[in-house]
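Engineer: Knowing the structure of chain A, use the given hints to seat chain B on it.
Residues per chain are reported as follows:
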Amino acid sequence: MAHLTLSNICKQFAGTVAVQDFNLEVEKGEFVSFLGPSGCGKTTTLRMIAGFEVPTTGKVTIDDVDITDKAPNQRNVGMVFQAYALFPNMTVAQNIGYGLRIRRESKSEINRRVEEMLALIHLEQKGKSFPHQLSGGQQQRVALARALAIHPQVLLLDEPLSALDAKIRVSLRAEIRAIQRKLGITAIYVTHDQEEALSISDRIVVMYEGKIEQVGSPFEIYNFPQTAFVASFVGTLNTAAGEVVDPANHLLQIDGVQLQAAVGLDGKQKGDKVSIAIRPERFNFIAQERKANILDCQIENITFLGSVVRIQVSVGSNRFYMDTFNNPFLELPRIGDKGQITCSREAVLVLKA
Amino acid sequence: MRRGNKVWSWIVMIIGILYFFLPLVATFVFSLKARLGVLSFQAYVNIFTDPAFVYNFSFSVLWAVLTIVVGILLFVPTAFLIRLRVPKLRSAVEFITLLPFVIPAIVFVFGLVRTFSHPPLLIVNSPALLIAAYTVLSMPYMYRAIDTGLRAIDVRTLTEAGQSLGAGWGSILFDIILPNIRVAILSGAFLSFAIVIGEYILAQYLAKPAFAPYMAYMIQQKAYEPAAMAIISFALTWAAMGIISLVGRGTGQAQVGGGH
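In order, the protein sequence lines correspond to chains A and B.
The numbering of the first sequence is the working numbering, which starts it at 1 and goes up by one.
The numbering of the second sequence is the working numbering, which starts it at 1 and goes up by one.
Excised from the complex, chain B in its bound form:
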């Protein structure tokens, strides 16, 4: 009975691996066929030497970094104060953070364009709108990562301990809370990075340079380079995930209390 279960587990796992990895392996092999008759990294060389790639990719990285900074500045104090002062609002805020999963990006971007393309808020051409939109898009990952980090520490007692020693809100946030949720913040940051790098609709419709629209353009123009870019995109996402697990390993989340 047990042996049978084990065999089925292996079968299911192998099917799963094949389902996920076969297209990836096929794409990778295809990306190596840019030169006739031999396998080479020519498609990758073409991409990395293309000034348009460097230009678009650099902007995507810039948008991602700005999104992470805005996300941290916005969501850390919000999650902290909600946990500390208005815990009753937590379920409502959690619902709001999930909205980007429910509202299609295309609906979101048309809403932004309609709202911000006429006075008094004529900012549709400003990169600030793109960053704000990316911040909303990354909210489910960033906010929830931070909230999970806060859940792992006794926020209230640590805050009160800080206050009793004379610390104000700024000192409490920067000296006590932030260092103790840094792993959670890093997780949220890398997830946000991966989301922004691969995001197409917002950048395309708000007409800003970015990696995904460049990739879409290349798909229409070339054969092997888009496959290479898909692999690069995957590699970036996995690298982000790898760094999250690397940073998270060993350090753990800080705990209040401890053994006797």
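The shape of chain A in the complex, shown without the other chains:
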């Protein structure tokens, strides 16, 4: 039995469909990210779990208990907001203990739990500070502690790091993940940052225009995107229009150049149009004799990206990126040079329409 279940969720706002046919089962202790561009329905879905929005149709259950029509304050769901939403009139300790005070816990229990939470977020000395005396990162840690203090069944995080600068974002996301693992709490994390989703999640739900595009582990989402949207949204990807040549042998061609894929042409006929995608890091310059997937190219641009060097090549009318790890002994081609690049059959991804 799944811990959190969203069944056939649809949400409409004044005739506009925000979320449709959303089905998801989340296991206890799992960290699931909703990833997608602005307006894709990820926050609306999160707000339906929190109870701030009511689904037009569908059902939300936690441990098989239907909470669809329960008020937000009657669900045991903790939430961390993008804008921190700490109560400015309360100290850090009062903020963390507020949910317990509402639950009429004893003073000693509140103090014990507040101290436990302060230790968890490494802010033991800040209990008496007010939110405006803390940095953004510290405020968000307090917001996390406040949400966790009430022992929620599910923890919801709505783009909690997007107001922070890059360095703090990276360290805080690792901290959030460590705390989530330590407590074994089920977490739903909304983000539009693919790197954040890939680094923090057990599973990612990629959303686009109110629908689920793909659900999978970060590895699956990155390496085996199933739709053109997922392919374009997650990571850098070379895409091209192709045509099936020999479905039995997984052969296809792009702009007259023949390529062999490993999978993805089942049910296709010769002459069918398909979209193909290849990650930049899957391309190599040809170092030895190869029989398949040889692409004649011309170097168009070379960009240093720190640990990686990105080379832009033209292959017929297509332009592809090729990534290679940077090292001091790397011999790079020059712009205008002609050469050949290749990739394995497994690197050629045939996308669903």
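All clues stand as given, with none of them false.
Cβ-Cβ distance ranges computed for the label pairs, FRET-style:
hint, chain 1, residue 1, chain 2, residue 2, range
1, B, Asn-5, A, Ser-232, 58 to 64 Å
2, A, Glu-209, B, Trp-169, 32 to 38 Å
3, B, Arg-151, A, Ala-2, 39 to 45 Å
4, A, Ile-302, B, Asn-5, 57 to 63 Å
5, B, Phe-41, A, Arg-101, 51 to 57 Å
6, A, Glu-25, B, Trp-169, 30 to 36 Å
7, B, Ser-233, A, Glu-115, 53 to 59 Å
Computed footprint of chain A on chain B; a stretch qualifies when at least three of its residues, placed anywhere within it, have a C-beta under 8 Å from a C-beta of chain A:
hint, stretch
8, 155 to 161
9, 164 to 176
Hints in this document: simulated from the structure, not taken from any laboratory.
C-beta: ideal position from N, C-alpha, C; glycine also.
Structural biologist: Chain B alone, transformed into the frame defined by chain A:
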């Protein structure tokens, strides 16, 4: 060019100060002439020892306090819910809150007398009608002060944060919203206080004891005491303003979010 501008600024400012303060200074000096040939506070002593003053002024203070309490109870939840649930109504409500500026008090009071002087709502003699009328009169100050306070905080997110922690509407209002708009509420309260203390028409036509009708009566009877009362009235208003700026200074309005 700049120097010329500065000189003109000073001239305009001095004219403004003279325009506002000369009558006040003249009134103050006049109020000190109750005793022949010497300047004294005799007029003030006469007022403060007059039982009628204490009686009328006490009632005015009572009306002001009740008006503030009713105003807070009525306008805080209204402004909060409009901001949270029906933001589309904000412009309509803002228009309504400005109506007391547009409708003359005399028209307002005759409307009240005509409406509430016969059954089923025969309450023209009840102090409740006066308080209700004062609440309407102070609405532009009280409502807008509260609304401005709410604008300074992220009402929606704070409310949702409270809800997610299990708080109901009462707890959210009293624990989270009210403490974060207390400066705004105090501003509205002191402005309402000043309005009610100086209000004449409603108290006079609804026949209730109050400071302004007493002052009007004294004007007809005495020479120096009304001038002293005008100064007292000014002093009260300024004291209210001073307290607003004192309370507002340093505390600021609470902000959601913050630096990184």
